[in-house]
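As a plain string of letters, each chain reads:
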Amino acid sequence: MNLEFTQEELDFQKSIRAWMRENVPEELERVSALGNMPTKSQQQQWERSLGKQGWLALTWPEQYGGPGWTATQRYIFDIERAMAGAPPTSPFGVAMVGPVIYTFGSPEQKERWLPGITSGETLWCQGYSEPNAGSDLASLKTRAERKQDHYLVNGQKIWTTQAHWADMMFCLVRTDPEAKKQQGISFLLIDMKTPGIEIRPIYSIDGHHHLNEVYFTDVEVPLENLVGQEGMGWTIAKFLLTHERTTIAGVADSYYALARMKQAIEDVPYYTDKPSARRRMAELEVELMALEYTNFRTVAATDEGKPFGPESSGLKIKGTELQQKMSQAMVEMGGLMSLAWDSPSVVGNESFNNAPRRYNFLRACTIYGGSNEIQKNVLAKMLLGL
Amino acid sequence: MNLEFTQEELDFQKSIRAWMRENVPEELERVSALGNMPTKSQQQQWERSLGKQGWLALTWPEQYGGPGWTATQRYIFDIERAMAGAPPTSPFGVAMVGPVIYTFGSPEQKERWLPGITSGETLWCQGYSEPNAGSDLASLKTRAERKQDHYLVNGQKIWTTQAHWADMMFCLVRTDPEAKKQQGISFLLIDMKTPGIEIRPIYSIDGHHHLNEVYFTDVEVPLENLVGQEGMGWTIAKFLLTHERTTIAGVADSYYALARMKQAIEDVPYYTDKPSARRRMAELEVELMALEYTNFRTVAATDEGKPFGPESSGLKIKGTELQQKMSQAMVEMGGLMSLAWDSPSVVGNESFNNAPRRYNFLRACTIYGGSNEIQKNVLAKMLLGL
Amino acid sequence: MEFNLSENTTMVADTARRYLKDHYGFVTYNEQLNQASHCDPARWQLMMELGWLGLPFPESIGGYGGELIDVAMIVRELGAALCLDPYVDLVVAPGKMLEYIGTERAIVVLQSIVENDEKVACALYDCHAGYSVHKPTASIRDGKLSGQKSFVPDGGCANRVIATARIGDELALLLVPLESCEITRYRALDGSRYADLVFHDIEIDDGMILSRGAETSRVISQVIAWLQALDCARMYGAANALYQRTLEYAKTRKQFGAAIGSFQVIQHYLVDMFTDLQQLESMLFMVAVKAELGNAQERDRACSAAKAYYAEKAVKIAQQAIQIHGGIGVTEELDIGHYFRLMTHCSLTHGHRDFHIDRLASLREVNGCA
Amino acid sequence: MEFNLSENTTMVADTARRYLKDHYGFVTYNEQLNQASHCDPARWQLMMELGWLGLPFPESIGGYGGELIDVAMIVRELGAALCLDPYVDLVVAPGKMLEYIGTERAIVVLQSIVENDEKVACALYDCHAGYSVHKPTASIRDGKLSGQKSFVPDGGCANRVIATARIGDELALLLVPLESCEITRYRALDGSRYADLVFHDIEIDDGMILSRGAETSRVISQVIAWLQALDCARMYGAANALYQRTLEYAKTRKQFGAAIGSFQVIQHYLVDMFTDLQQLESMLFMVAVKAELGNAQERDRACSAAKAYYAEKAVKIAQQAIQIHGGIGVTEELDIGHYFRLMTHCSLTHGHRDFHIDRLASLREVNGCA
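Residue numbers (the numbering used here), protein chains in the order written: chain A, 1 to 386; chain B, 1 to 386; chain C, 1 to 370; chain D, 1 to 370.
Don't read these hints as lab results, they were simulated from the structure.
Treat the hints loosely; a few may be bogus.
Derived BS3-like pairs (lysine-lysine); straight-line CA-CA distance at most 27 Å [unchecked claim]:
hint, chain 1, residue 1, chain 2, residue 2
1, C, K251, B, K381
2, B, K381, C, K135
3, C, K251, A, K262
4, C, K254, A, K141
5, C, K135, A, K181
6, B, K262, B, K238
7, B, K52, B, K40
8, D, K316, A, K381
9, A, K180, A, K110
10, A, K306, A, K381
11, A, K381, A, K180
12, C, K316, A, K180
13, B, K238, B, K181
14, A, K381, C, K135
15, D, K254, A, K381
16, A, K325, C, K316
17, C, K316, C, K254
18, B, K147, B, K180
19, A, K193, A, K147
20, B, K262, B, K14
21, B, K193, B, K110
22, C, K251, A, K274
23, A, K274, C, K254
24, D, K316, C, K316
25, A, K238, A, K110
26, D, K254, B, K181
27, D, K316, D, K135
28, D, K251, B, K381
29, A, K325, B, K141
30, B, K262, B, K306
31, D, K135, B, K262
In isolation and in its complexed conformation, chain A is listed as follows:
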């Protein structure tokens, strides 16, 4: 049992902290400090600067462009990144399609797609959900028909985050309509500039445009954009679910949010109820510590080459519940200040003015990637044997 970082890790932390201090753009810090989301260019500029350092594809094997860090180093990096006010990197390239390509892809696919991910040049989006395949993903209907030299894709995806930013989409499609539910599904890479793709924005209740519907009408996708074999889509999707969980709990960003919360209260000259706000923050901090140390255990186990233990199974559920709870606390502590939705000037305190946007946005975090109810169903079956 040893909860301290080694001297090497502390040195690493110091160097990352110093780099962050130099390199996180001030405007990005400000975006984070207010609980906002970066614009496409802010996000991409930031990811490119990480890419230049080789710090983007953190979990990847070195041969594909990973930095060769331990899980502990990645965790330290994540803390320093968050506390410096930088946003998390977009998961679609680095955390999702990248590992799929270097695990299941052909040598040509690796060569073609991986460099754009590690450099932050290519932006990806994820084409999984469909209108009638939400929690029940295996019901998806988007059809990819194999023609002479291409797949002909027809159908519709929904809830596609950043589709309007993306260069590429990785997509689950049905290649065999005869096969049973999970079996006819394949994993396809689609260039978002291909004719026949139409993107319709969906505005979220934080007032912003993150999500989209994507319509495919006779979209021709080269055969070489199939990853693995036809019918392997479901296997690949499951592979992603068990991949890397050391930051899934969002501990680093939650600590940053807690720090912002405390700052906001101190910043309001006449804040009337500091003792009660402090108690509430202490309650949140307790939950955050429990999550943090559970997360530490997953990180430490990863560094020892162990498989994810049962302690990691609740990280997504607990992490998202806590994010929601914290954002709600922020809104409530803001009182009337939380009502100023789009005031051109600060009303009382800007962090509180912005708080409801984050609160609203985070309602989705217990829904996407498998709702917490679905997560619990799976845990009951897989882990508890019920």
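With chain A's structure known, arrange chains B, C and D on it following the hints.
Relative to chain A, chains B, C and D alone:
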């Protein structure tokens, strides 16, 4: 919309309050003030004194010995009873078997059993649950075989509250083992002194003896103790579930508990955290008010001769949840004082010393009479149409 | 005790529901959301014809002598319809303020509101003075008003505001033309139009002082109690709409080959929403009666209990409505998310949960319980 | 970072588990529950042979130099077995107190504990002074001790107590023979044996004063931190036992023709218990390491966070265990209800949830967050 009592009701309240002041024995008040349960003789003495007034069978038609009060009067009575430190009356005779007998019983049965209930002389217990028929009551196995001039009863009941006090048990038994689950069940009255009945105490985690197992070995029950027809047991059981709900939420006793809680905190000379205790009590009071006014609506509807509306459906769930929450708050506010389980002298404060017993006892209130999970299943089906 | 709505109140509620069904849908709402003024003249005219403008006020001044419960039933329907028409902000709030002030001057202004001749808003809060309405930072010195007001719900269309300010140690209510203030307008969380005001040494003549001294605090408290009750009414309308829509969705939305309402966990979520909704309705009846009581203790206890309860339970209903709807629930395209914002909004106006729990805890000290 | 138990600690835990399996079952527990003394000589002898009496103390004084985590793993197993042997109360608590005092006199007493020559308890709390251990009401005047102590966990068998008292403005730790006190003995909520003491002008000679002055407070705080961590260890053992038993029950108990574990609501209850249990385990590791830190701020932050978390989540697990078990869970006949009482008990010792949240909130003010 009128939330005031009429002048008549206020006068009624005044007279009940005066009577309670005169007639609630001091030792009974003390029992309640400490959150304890009365002994058999305390309970029976109290019920007899109500019986003498004609105030025991409150909901019954006057012809059978009811006082002819409105639901509002009964509600007022309940408040005054509770706030005077008197315990609720045992439900088994007055609220359960009595209404069954005057609704389904023969003239002879009415004449024989009802007077003992209205006077408080006969104590009843309820023989429903069995070891393998808890939430799933219809699985019960206790067999009553029809012989020449009696039923021969064999089997076992469990969780029988006050069986060791009771003169009589009303009992669900299986008279037709061939019939489908609910259909072969009958409703039988059994004299607890009949040979072949054995009572085994079950101690609860409050340290007291309320519950029992009751074993029947070749117990002969006269044929005339069958209520209604054979096979009507399930119908009768369901009738009871929809009967009178104006005090099911336990509002009166919860207000009394809240008052005791406040008193206990004021009584401890060096209580360190009064502001936080007061906030916590305010939170409980808010929930109690919501329950109180929902309960008022049921009372008022009853007086207008309306059937129970949807507002009454959650009363048991909400009422029991709140009782548990309040008793937990009491234990927690007591801090170390709540640890003195059986000290011969007061340690700090006697109400806090006793608090865990009530807290422990009340764990059962979300379980008995159909667990809250079962209640929710039923509401989902019956009321929400799911 | 009697919990039935009177025939008259039922009629008011039914009429409101029909009127909104005919004149205000989700499309209307979305249009209004993007408009700078929320006082649609046609609908305002209709509201006047329905008698809403006079409803909350005594017949003696040209009103219809309605009770708080009547107004609450209208506001409940406004909440259920997501309607942003600033009826409470520009009629009820300033109107009750003027009625309670009761001076000849005040009644004249009230009558102009009732007759739809002008729009008056209330400016009671500062930008960080929390919920304390009795200690404004704005003040009058040497006949000049300076200071600021925030969170003024004027629908983007008021021409005057009733504002609190201090004159020496005294609390006062002033009637200030908006054109004399520096104004920043913005959209509030629920989509309504708010304004922040700065007073730059505005000349105040005696005619602009509606009320001053001890009486003023009492008037404000009475009006705030009305507004707290109406917050609950609006939230109830929204919570009920959310519950109905979510139940319907659970019955029709299929996943894994079955309606999601067939899953036990979803069933229990919905039962919890339903039972909470019943209790929310009880609390609405309770506060709608008690918020107009003369006994300040009982009134404030009722208002704080109701708002604290709503801030927890109605908000929880809105959260669960989104969770059960899944992705579609967090979009601007469906009304669910809009109700959700409304709910958060109303849980923060006129005291959030902490404020009300604290007030109850201090009232208890005086009052004893039950 | 490394969360594995050392080989040595693992051995300590395994040995404890085997020892308890062989020597302590639910039957033993029920017997002990009704005994006036909880110091079974045979088991005490075995504990000594297992090295438990010396484990928490430095080798220099005849101990085995174990760390808090080693002791925590023993206490976890004691919790899991419902064992009432007052190992923490009569060995760890007084022993660490004496070790930290560190005077020759104190070490002599510590050695007599380690060698099983006497039983010493700690008397730190008053009957209504809450959790403030630094301001006892007992005091010494003119060489005589008067006042009282409550909640002294002496297992019904201590012969001396280490008690806090004031000498003028100074805090002191005294070693008082129990025979000189008026004693009331009783059973505590978890079934352990407690005593209340009254001091009637007991003559105190200098040899009875173990420590006085500023140092004393520091010593007490260090010991309390150990005890808070061990509360968590005991609760973890109980919570894990409850979870395991409840999962097993859900798989075997049939209602409506199916195992109750097949119902989705029960499944989600159990998943919540399981994920909470994982986090409880993490917090146990955390506090077991940090509660022996020299940095008082970090130590107290860790202890308060852990105890506040346990008071909520471990208690919730115990409540759910009963709810899922149904009727049988509220009886004395099954161990479930006994674990439930243990859990409530430990959530109240050495600070309840409110106390710890308040302490964290005030530490934050000094510390800043994370």
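Would you mind confirming whether the straight-line C-alpha gap from A:K180 to A:K110 stays at or under 27 Å? Answer violated: A:K180 to A:K110 is near 30 Å, above 27 Å.
Just to be careful, I want the Cα atoms of A:K381 and C:K135 compared with a cutoff of 27 Å; is the pair within it? 58 Å, violated
Decide if the proposed pair is consistent with the structure: B:K262 and B:K14, CA atoms, cutoff 27 Å inclusive. With a Cα-Cα distance of about 24 Å, the restraint between B:K262 and B:K14 holds, given a limit of 27 Å.
Holds or violated: D:K254 with B:K181, Cα cutoff 27 Å? Holds - the C-alpha atoms of B:K181 and D:K254 are around 16 Å apart, at most 27 Å.
Within a Cα-Cα threshold of 27 Å, do B:K381 and C:K135 meet the stated pairing? Violated, at about 53 Å.
Hey, C:K251 versus B:K381, does the alpha-carbon distance stay inside 27 Å? Within the cut-off at roughly 12 Å; holds.
Decide if the proposed pair is consistent with the structure: D:K316 and C:K316, CA atoms, cutoff 27 Å inclusive. Between D:K316 and C:K316 the Cα gap is close to 20 Å, so the pair holds against 27 Å.
Does B:K181 lie within 27 Å of B:K238 when you go C-alpha to C-alpha? Holds, at about 14 Å.
Between D:K254 and A:K381, is the straight-line Cα distance small enough, at 27 Å or below? Roughly 18 Å separates the two Cα atoms, so the pair holds.
Checking one constraint from the list: CA of D:K251 to CA of B:K381, max 27 Å. Satisfied? 25 Å, holds
So if I understand the rule, the pair passes when the alpha-carbon distance is 27 Å or less; does B:K262 with B:K238 pass? 39 Å, violated
C:K251 paired with A:K262 [C-alpha distance capped at 27 Å]: Roughly 43 Å separates the two Cα atoms, so the pair is violated.
Consistency with the previously given hints fails for numbers 2, 3, 5, 6, 9, 12, 14, 22, 23, 27, 29, 30, ordered from lowest to highest.
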